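Trainee: This is what each chain is made of:
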Amino acid sequence: MGSLGGGLFKGMAVTARNFFGSYFDKDRLVAVQYPEERIQTPENSRTFPFLVYDNTPDAMRCVACKICETECPPQCIYIVMDRDEKGKPMQRPKVFDIDISVCMQCQICVEVCPFEAIKMDNDYEKSQYGRFDELIEHLPDLLKSNDYYNKIKPTEAAAVDAKLKAEAEKKTKKAPAPAAKAAPKPAAPKPAPAPVAAPAAGKFVIPEDAPFTPEQRAWLAGFLSSGGSAGTATPVAEASASVGEAAEADASATETPAAEPAPAGDTPWHDPGLGMQQRMDLAKERPLADKLMAAMAQTDCHACGYDCRGYADAIAAGSEKDLSLCLPGEAETASMLEQLMKEDGKV
Amino acid sequence: MNYAFWIISAITLLGAFLAVTLRNLVHCVLSLILFFLGVAAHYFLLRADFLGAVQILIYIGAVAVLILFAIMLTRNVTGTEGPREVFGMKWWSGGVIAAAVAAFVLQAIKADSVTAATSTTQANSSVAEIGKALVADWVVPFEAMAVLLTAALIGAVVIALEEVMRRR
Amino acid sequence: MEQLYQLLRSCSWFAKVPDCVLFWVSVAVPIGLVLAVYPAIFAYTTLIERKALGRIQNRLGPNRVGRWGILQPLADGAKLLTKEDIVPRAADGFVHWLAPVIAVIPSILLFAVIPVGSGLIPVNLNIGVLFVFAISTASVLALFMGGWASRNKFSLLGAMRAVAQVVSYEVPMVLAAVVVVMAAGSLSTTAIAQAQGGGLLNITNWFVFRPWGFVGFVLFVIGAMAESARTPFDIPEAESEIIAGYHTEYSGFKFALFQLGEYLAALAMAGITATMFLGGYNGPGNDLKYIGWLVGAFWFFAKLMSIIFVIIWIRGTWPRIRVDQLLGFAWKVLLPMSIVNVLAAALYHFINPKPLAWVVTAVLLFIAWLVLTKVGAPQQIEKRVYRYAD
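Protein chains in written order, with numbering that gives the first Met the number 0: chain A, 0 to 346; chain B, 0 to 167; chain C, 0 to 389.
Next up, chain A with everything else stripped away, as it sits in the complex (with noise of 0.2 Å):
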């Protein structure tokens, strides 16, 4: 029957089935009702970014460290940290805004928040009637309640509330003991690889394993946290082995490649997106209190009380004791403070 046409014949019976099967059989309809019937979405669907907070909305989780903003790869969030009549920073935002006709729901604002704040929602119902402030969500829209996370992720925000339950008791527990041993272990001799380590890198890290030698390495390293515009940096070549002046010639393409002592107050680490490992390597040579600045996380997020700069020179002149106020560098801030202090001996 093949060329006779009978496989048309085959087909239409198939159609036929369809046509009389939806009438019977309930389960050939699969389209769902839309508004009056939804499909229960799955657990780990996502759609845009909210904020958390655990009892009322002014015990938000966030403190407004930016590092979502600065991780951001379409960069749709907007943050102002709060502050008081004195101008100290409450570490919590004034303004926390999503672009969600930006967004690109890529998650990794979640991956990079060490304070489990901002989590990824699944409602899909965000059609507005504008598109330009519409699209825009507020800190208030934003804010939504731990129950709500829970609801909506049970499995995911259970194991969130057990490592915050965990870190809590911790803390409690080892409040009088010297904040050094916070750390989890000491500082490794070599530090852990980057880009597992340190929750802020990830933007532009380099391999540990590439084949460059250690100039080459903190010059791309410089070139790429500077964004590509060191097109009139010197080249590799005739760099001089100091790593801190081959980072230092792409800031300052000038200048000449001979070891000159760089200028106070240069700070080429202070970018969230190098790794622990490039950021001390950038700062070595440098005065201690330089050395501690590049050991924190960089995002400015006066989580500790302090910017970035602020807090190492406190702990510098030793009127900062506590060497684990470092919240977005968790950890490995910590041990790396601590390591410090010990080589310089102060501790």
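Please keep in mind that the hints were generated in silico from the structure rather than gathered at the bench.
Check the hints yourself; a few may be wrong.
In silico negatives: residues of chain A with every beta carbon more than 12 Å from chain C [said to hold, decoys possible]: (1) L28; (2) M89; (3) S126; (4) P139.
Here are the computed lysine to any residue pairs in the SDA-like style, where the Cα-Cα straight-line distance is at most 25 Å [unchecked claim]: (5) A/K9 to C/N125; (6) B/K131 to C/N125; (7) A/K9 to C/V177; (8) C/K331 to A/G5; (9) A/K9 to C/V322.
Computed from a predicted model, the values in this text were never measured in an experiment.
Virtual Cβ for every residue (Gly too), placed ideally from N, Cα, C.
Place chains B and C on chain A using the hints.
Mentor: Quick look at chains B and C alone, frame taken from chain A:
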């Protein structure tokens, strides 16, 4: 009946006039179709239903469509390229030929006895009558036409085949 | 129409009414009915089509406007009426405007010669079948004008495809209808319908139950589908290749007119098919007294809608065929088959007894079909050998 005749005649003549004066080739063909339609309407008016339907079927459905198709296969698809002036250099030769044909046809109409009768009762053009006339009284011209058309068909196929062969 | 005129004149109520009024009334009533009934059927055919296609794909189809979506056609109409009418700047304005009008007129004219019941025909032309073919070829003009006037390459391609397709399928379609004309001995649609009356339950004399009638029916339906550009012969408006073909540049109500013309042509062709091959209004009970005409009309519309349903079903099943396949199929398979079919019908007429004639023509046609499908079949594509994938 008379009004209908004059209206249809006016439309027919308008179609004929536009067909030769319009600049755009496709517009000319569309006017020609209007003209064909007018002729068909005249047939219907004369109660020659069969001829009227065949007029539409052959002239509009086949001839005009074929002309349109031929235009579409040329590069002048939009029909806008063409001679600037309506009357070419040799317009007078065409005029002479048209006048000769018109005189010939007029002579034939005058000489024919059927038109002299001008009665609707005699013009019995039922399909059966036409069929019988074609295959009984006029069978030789009818078959000659058939042979001619078949020859033309075969000729077209041969030309097309040559093209195909050459391409291979 | 004439019957209505006679009826009105014979009725004593209208004795005082002048003749010319009665005449115009008897002209206006059939026209009004045609203009009211068939567009209504068209409107609901679109709904039925969408519902049926939905069911074929295990969907529900439109079900929001009114219960079961029965007001959907009204919503579509309102939407198309209120849409902006866009004419391309480069378009040929007049022809662009004229094309949708031309598209609708022949389709409506076709209904003039379709008998709905015994004597229920708007105009009883004695050349009915010829009239149908003459008018339906004129519809190709609309497609050409629409495609050409839009000054759009896709529109023009659609127009060219439409012209080539309609001209090609016209020939086998006419030859398929010739067998019916031969059997009924008349070009009149009324006479053709009458010739199929009688027999067991008014069914057995339908032409479709003769071998040549069946083949003619299949050929005619294929031709009618191609003529009205229905899937699988919808290459003039193949949306995956040339957007929407000749009506790419049409919007709003002009687009609706194109759709109307296309659907009305399909409906009319289904009506003609029902009349010529499926016995028209003949069916069990159409010769009853007083209500016979109603039963006949019921059978006619039932047959019409069944054909429409099969066409929709085919649309939901078969893929669109390529241009070269389309034209090759018309000239290499359908045309020879229809010529053999004419021969078979003649044989059937002259061979007695009829059961023998039935068997002989059936065998002849079956052999012709076998040969043509072997000869006309496209070259079998060799199994492809992959260098890396296997």
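Trainee: With reference to the structure, classify each hint as holding or not holding.
Mentor: Status of the hints after comparison with the structure:
1. L28: Violated, since 6 Å does not exceed 12 Å.
2. M89: holds (52 Å)
3. S126: holds (18 Å)
4. P139: holds (35 Å)
5. A/K9 to C/N125: Between A/K9 and C/N125 the Cα gap is close to 42 Å, so the pair fails against 25 Å, i.e. violated.
6. B/K131 to C/N125: holds (16 Å)
7. A/K9 to C/V177: violated (31 Å)
8. C/K331 to A/G5: holds (19 Å)
9. A/K9 to C/V322: holds (24 Å)
This entry does not satisfy hints 1, 5, 7, going by the numbered hints stated previously.
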